[in-house]
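Asks: Produce the entire structure from the sequences given, and follow the hints as far as they go.
Protein chains in written order, with the working numbering: chain A, 7 to 88; chain B, 7 to 88; chain C, 171 to 315; chain D, 171 to 315.
Hints in this document: simulated from the structure, not taken from any laboratory. You may find that some hints are simply not true.
[As the list claims (entries may be wrong)] Chain D stretches covered by chain C per the calculated footprint, using a threshold of three residues with CB under 8 Å from any CB of chain C:
(1) 178–188
(2) 249–258
(3) 268–279
(4) 297–304
Every residue, glycine too, gets a C-beta built ideally from N, C-alpha and C.
Residues per chain are reported as follows:
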Amino acid sequence: MCRGRQVTITVLYFARLREDVGRERDEVASTGDVQTVGDVWRGLHGEPPARLMAAVNQAHARLDTPVADGDEVAFFPPVTGG
Amino acid sequence: MCRGRQVTITVLYFARLREDVGRERDEVASTGDVQTVGDVWRGLHGEPPARLMAAVNQAHARLDTPVADGDEVAFFPPVTGG
Amino acid sequence: MAVRLFARPFDPWALVQERERQLPLERLGACSVFAGRMRDFNEDEDVRALFLEHYPGMTERDLERIVAEAETRWPSITCEVAHRVGAVEPAEILVLVAVWSAHRVAARDACSEILERLKHEAPFWKRERLADGTERWVERNTPGQ
Amino acid sequence: MAVRLFARPFDPWALVQERERQLPLERLGACSVFAGRMRDFNEDEDVRALFLEHYPGMTERDLERIVAEAETRWPSITCEVAHRVGAVEPAEILVLVAVWSAHRVAARDACSEILERLKHEAPFWKRERLADGTERWVERNTPGQ
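Replies: Below you can see the structure in the form of structure tokens.
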């Protein structure tokens, strides 16, 4: 339904995932087919790894969480605080 | 089996029970029929009240716990510390 | 193990700090603490003061037994237990249970277990003085499990 | 509610003392605390140092969300949560969760729940430096329930 829109998304990586990707952020500009968190990952890196965690605008999200223009999307491995 | 023995027991009362009994200790001297914690109470006060707690030589005891010459027997209501 | 009775107010957090100075904290990664204070209400009544009676000798022995049994069940733990006796005012400390362990589950479960057993077994009795000047013995503790 | 991140070591018991000076302790009779420190071992390896990465902005928001959800579930509680970030040495404090309530069950259960959710949801990641100088990311937390 949003195809044709111009979408710009900031992508952040944390911890081991940042080291695996080799950088701490990406900027994604798309004119249509990026509609979910999973689309963002797949457009950049292919199939998502097991146990991938994500956030949209600093709130926990899933691969099917929708994204919109201007969103900050973060990817990270399972958390280990405390 | 211990009938005929001379038995001297110190009896202590705590908290509401001490107030009900009207004193904080008794000394019991018996020549035979005091063999358990329950016997000590019954010899002094008749039938034991519900929820009566007891100790022999400062360890938790029951009404059927045996007593011996020189023991310190304590009676008290349910505990309310913490 | 350390078990102590205090006839005067004590600072539970200072006690924990003091104990930690003697502990190998690089091996004891988890510490669970419960601190209980006197409330100014109980069963919908204003309570102005509390008197905590105990059984000198047995109370200490019984607390040591409760802690020793927890140390048998959770062998890795280190414990500090302190309890007030005598006259207590609202907001003052009544009881401290602190348990250190390598892992959080043992620390948490042992702290809870020691507190519940203390409340249901150790010879302490509370007498409350109410707003109208009357006094009453607390009949039972609230259930904890 | 108070949620704080510290880039330097902090004294968890001093934080609890400081917070209690602002609380109506005559109404909050129960306080449950968990303090977690860095151990010098993990999965049978000597660990010499730890780096705690976090997600600035989201980490604070997520801790506040976890505490707010606990305050919804146990409306009577008051909470203090603090967490280290950055470089940590063995025995230094990593996390503090303190919960006050009128009754001990709410304080204990909320403290446990906040700690478990923090460990499984809040964006923190540990990288360990081992005795041989190598570094590794901690892959998962130990189960707590």
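Asks: State for each hint whether it applies.
Replies: Structure-based check of each hint:
1. A stretch counts as covered by a chain when three or more of its residues have a beta carbon under 8 Å from one of that chain; for the region 178–188 of chain D and chain C the count is 5, and the coverage holds.
2. Counting residues of the region 249–258 of chain D whose beta carbon lies closer than 8 Å to any beta carbon of chain C gives 0, which falls below the threshold of three, so the coverage claim is violated.
3. Counting residues of the region 268–279 of chain D whose C-beta lies closer than 8 Å to any C-beta of chain C gives 6; at least three are required, and the coverage claim holds.
4. Three residues within the 8 Å Cβ limit are the bar, and the region 297–304 of chain D against chain C gives 0, so the coverage statement is violated.
Checked against the numbered hints given earlier, this structure breaks hints 2, 4; the rest are met.
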